Amino acid sequence: MKKLMMTAAAAAVAIMATGFSATAAEKLKVGFIYLGPIGDLGWTYMHELGRQALVKELGDKIETTYLENVSEGPDSERSIEQLARTGHQLIFTTSFGYMDPTLKVAKKYPKIKFEHATGFKSAPNMGTYSGKFYEGRYIQGVIAGKMSKKGVLGYIASFPIPEVISGINATILGAQTVNPDIKLKVIWVNTWFDPGKEADAAKALADQGADVIMQHTDSPAAMQVAAQRGILAFGQDSDMIKFGPKTQLTSIIDNWGPYYIRQTKAALDGSWKAGDTWDGLKEKMVVMAPYTNMPADVKALAEKTEAAIVAGTLHPFKCPVLGQDGKAVECKGGANLDPGQILGMNFYVKGVDDKIPGK
Amino acid sequence: MQLVLEKRAERSTKIAIASPLIAIALTLVTMSILFAILGKNPIAALIVYFVEPLTDSFTLMEIAVKATPLVMIAVGLSLCYLANVWNIGAEGQFIMGAVCGSYLAVVTNGTDAGPWVLPAMLLMGAAGGALWALIPALCKVKFGANEILTSLMLVYVADLIMDYLVRGPWRDPKGMNFPTTASFDPVATVPTLFETGRIHWGAVVALIVVALATVMLGRTIKGFEIRVVGAAPRAARFAGFSSNRLVLFTFAISGALAGLAGIIEVAGPVGVLQPGISPGYGFTAIIVAFLGRLNPVGILIAGLFLALTFIGGEGAQISMKIPLDLTKVFQGILLFYVLACDSLILYRIRLIATAKKASHGVA
Chain A
1381 MKKLMMTAAA AAVAIMATGF SATAAEKLKV GFIYLGPIGD LGWTYMHELG RQALVKELGD
1441 KIETTYLENV SEGPDSERSI EQLARTGHQL IFTTSFGYMD PTLKVAKKYP KIKFEHATGF
1501 KSAPNMGTYS GKFYEGRYIQ GVIAGKMSKK GVLGYIASFP IPEVISGINA TILGAQTVNP
1561 DIKLKVIWVN TWFDPGKEAD AAKALADQGA DVIMQHTDSP AAMQVAAQRG ILAFGQDSDM
1621 IKFGPKTQLT SIIDNWGPYY IRQTKAALDG SWKAGDTWDG LKEKMVVMAP YTNMPADVKA
1681 LAEKTEAAIV AGTLHPFKCP VLGQDGKAVE CKGGANLDPG QILGMNFYVK GVDDKIPGK
Chain B
63 MQLVLEKRAE RSTKIAIASP LIAIALTLVT MSILFAILGK NPIAALIVYF VEPLTDSFTL
123 MEIAVKATPL VMIAVGLSLC YLANVWNIGA EGQFIMGAVC GSYLAVVTNG TDAGPWVLPA
183 MLLMGAAGGA LWALIPALCK VKFGANEILT SLMLVYVADL IMDYLVRGPW RDPKGMNFPT
243 TASFDPVATV PTLFETGRIH WGAVVALIVV ALATVMLGRT IKGFEIRVVG AAPRAARFAG
303 FSSNRLVLFT FAISGALAGL AGIIEVAGPV GVLQPGISPG YGFTAIIVAF LGRLNPVGIL
363 IAGLFLALTF IGGEGAQISM KIPLDLTKVF QGILLFYVLA CDSLILYRIR LIATAKKASH
423 GVA
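Protein sequences appear in the order of chains A and B.
This note's numbering puts the first residue of the first sequence at 1381, with every later residue one more than the last.
This note's numbering puts the first residue of the second sequence at 63, with every later residue one more than the last.
These aren't lab readings, by the way, just hints derived from the structure by calculation.
Owing to the predicted nature of the structure, the values given are computational and were not obtained by experimental measurement.
Incorrect hints may have been included.
[Unchecked claim] Derived lysine-lysine pairs resembling BS3-like cross-links, with alpha carbons at most 27 Å apart:
1. Lys390/B - Lys1735/A
2. Lys102/B - Lys1409/A
3. Lys1707/A - Lys236/B
4. Lys1407/A - Lys1491/A
5. Lys390/B - Lys1577/A
6. Lys102/B - Lys1407/A
7. Lys1409/A - Lys383/B
8. Lys236/B - Lys1487/A
9. Lys102/B - Lys1645/A
10. Lys383/B - Lys1484/A
11. Lys1662/A - Lys1698/A
12. Lys390/B - Lys1436/A
13. Lys1491/A - Lys102/B
14. Lys1645/A - Lys1407/A
15. Lys390/B - Lys1441/A
16. Lys1563/A - Lys1530/A
17. Lys1501/A - Lys236/B
18. Lys1441/A - Lys102/B
19. Lys236/B - Lys1488/A
20. Lys1407/A - Lys383/B
21. Lys1645/A - Lys1622/A
22. Lys1488/A - Lys383/B
23. Lys1653/A - Lys1484/A
24. Lys1436/A - Lys102/B
25. Lys236/B - Lys1712/A
26. Lys1501/A - Lys1488/A
27. Lys1484/A - Lys236/B
28. Lys1730/A - Lys236/B
[Unchecked claim] Covered, in the sense of this in silico footprint (three residues per stretch, anywhere, with C-beta under 8 Å from a C-beta of chain A), are these stretches of chain B:
29. 335–344
30. 376–386
The beta-carbon is built from N, C-alpha and C at its ideal position, and this holds for glycine as well.
In isolation and in its complexed conformation, chain A is listed as follows:
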């Protein structure tokens, strides 16, 4: 009898043990909130590629979910909370406008880890991450300054938030190094993704004499317009060469995969902490597409500029940085503007032919 009970107990322990190991082997659920459709070929598409890279790397340990086309309005809070409620332990919210909703949900679910892209608010369980896209913009500026015959660049801008403004400034600062008289025209389309509006803006810029078009919006529409008009353009977010094989000079590629893999690994081994990650060309969060449709000397200059930024010998916002009025901006970072000044940038540098909306 005693033996029987012991066997039973052993069996029970064995069953419980397998039960526990099954729980331990349960996959970590990772959720993503996307602003656009995954097929936008821009911002959301690149986050989706990052997710796919994550699945490829850690697919046996994790399970991923995404919600696409989540508007930045009242719906986003519910969508984030839906992920939190359905067992997702690590949630990436991939647009600036999700900042407050993410913060609200993060406070409600202190045990779940949140990562918010391109924002500035955080919590013990909510980190932020973004790319130093201005580094790529600076290289584009150098190329554009060389390639523009008329000396007029066209810039399609989305929202006047610091990330967009620092991109505009970095572009013209880069262009001015090769052509001090370069002009930069800006059109604000007030959207991240609207191919129709983006195309209209590209046409308007071309009509105003711009012969190199660049954009801080997410679709390849501007590239297609530039291709039709026979002028040059830069891709955005992803390599858009197939939309303008004879048009694209290069493209700033958002490379989220390595970051997603790194943070998910940290969540798996328990070392995850809410951080504030801001990586650039050096860490390969920002990657330049091949330099195409330009003469060899321009290509060499672009490569040299890229190498100098990676090496840290060149900073796009090297002091003195002159404001639109021609006066030097206060330089808080010693030799360069400090990260806070770049992350909160709310002024144009000298030479930008525009006024920041609402300012």
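Starting from the structure of chain A, add chain B where the hints point.
Coordinates of chain B only, in the frame set by chain A:
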């Protein structure tokens, strides 16, 4: 042979009620086929869409949150449509309501203004929506302008006015230039009903609106007038009802309700005024109004049903990886079937033999 739609002499009430149910049934069948084509189990998918959201207090509350603006707007629209007045611009009235109400929230932000702020905001929201709706109404009455076009075009004007305000004068000074006002103070916020969850007093307001509209349509002269003018304009004229006055009245009421929905949404779940406050509520409400047979109670049910498809669609994305586009297809198919079924109530299809000349064309 030729297909002809022929008006039926009489219509049966039973079929009028059955029609949306038939439409929903047809939609479910079509959706099942689509799920199957995508390689998903149709039964499981339909359960995720329609049953799971009803089994959990969080999703139930979220359905109510989503349905609140839809129902309020749709009730207003139904008054217009019953009177044969075509207000397509509820989206704009929603936005102007949100803007006018938010004005108070913005100017009192950070001051120690008392509890009068929220009621005043709601009043201003309703007034803003009503005034915005009266523009196309007056254009119709005074100049005979087509209200479908004018009310629709004013949506974009309203959108741009809001855009200007949140990017310019009303922008949150601490918001890093992001186009949004500062978060509303607690006195400018619609309180939630319970400790947890986002369901707010706006849901109660929506129920009151449904009740009032039911009473008005069923028990008052005004309700009778609306229905007579819509159904028999000549008879209405003999009865001394002024169709012009009714245009102004229905537009004002539906504008006020859309505006109220707008300010409740902004002061409730959103908490700030920013672009994108409405994912097309003013347009979706048109579907809700017709799905609900232009009847307040029907609209309440239809609004909850449509909200269910939104929430269920999200659940399907999470648990079955069904693309969001399918939820949109779903809503489109639903409207299509509703309109198709309606047409078949009012009309019947007949095959008519055509003249010989036409049959030659086939070869």
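_27 Å Cα cutoff - pair Lys390/B, Lys1436/A_ = With Cα atoms ~30 Å apart, Lys390/B and Lys1436/A exceed 27 Å; violated.
*Regarding the pair Lys1407/A and Lys1491/A, is the alpha-carbon distance no greater than 27 Å?*
Distance ~17 Å between Lys1407/A and Lys1491/A Cα, so the pair holds.
_Would the hint linking Lys390/B and Lys1735/A be met if the CA-CA limit is 27 Å?_
violated, 39 Å
*asked:* For Lys1662/A and Lys1698/A, compute the direct alpha-carbon distance and say whether it is at most 27 Å.
replied: holds, 17 Å
_Given the hinted pair Lys236/B and Lys1712/A, is their Cα-Cα distance within 27 Å?_
Roughly 20 Å between the alpha carbons, so the hint for Lys236/B and Lys1712/A holds.
*Quickly compare the C-alpha distance for Lys102/B and Lys1645/A to 27 Å and report which way the hint goes.*
violated, 31 Å
*asked:* Using C-beta distances, would you say chain A covers the segment 376–386 of chain B, given that this needs three or more residues below 8 Å?
replied: Our answer is that it holds, as 8 residues pass the Cβ test (under 8 Å) against chain A, meeting three.
*Are the Cα atoms of Lys1501/A and Lys1488/A separated by 27 Å or less?*
holds, 16 Å
*Take a quick look at whether Lys1484/A and Lys236/B sit within 27 Å of each other, Cα to Cα.*
Distance ~18 Å between Lys1484/A and Lys236/B Cα, so the pair holds.
*Do the alpha carbons of Lys1563/A and Lys1530/A lie within 27 Å of each other, as the hint requires?*
holds, 9 Å
*Is Lys1488/A close enough to Lys383/B, meaning Cα to Cα at most 27 Å?*
holds, 26 Å
*Does Lys1645/A pair with Lys1407/A here, judged by a C-alpha cut-off of 27 Å?*
Holds. Lys1645/A to Lys1407/A sits at ~12 Å (cutoff 27 Å).
Hints 1, 9, 12, 13, 15 and 21 from the earlier list are contradicted by this structure; the remaining hints agree with it.
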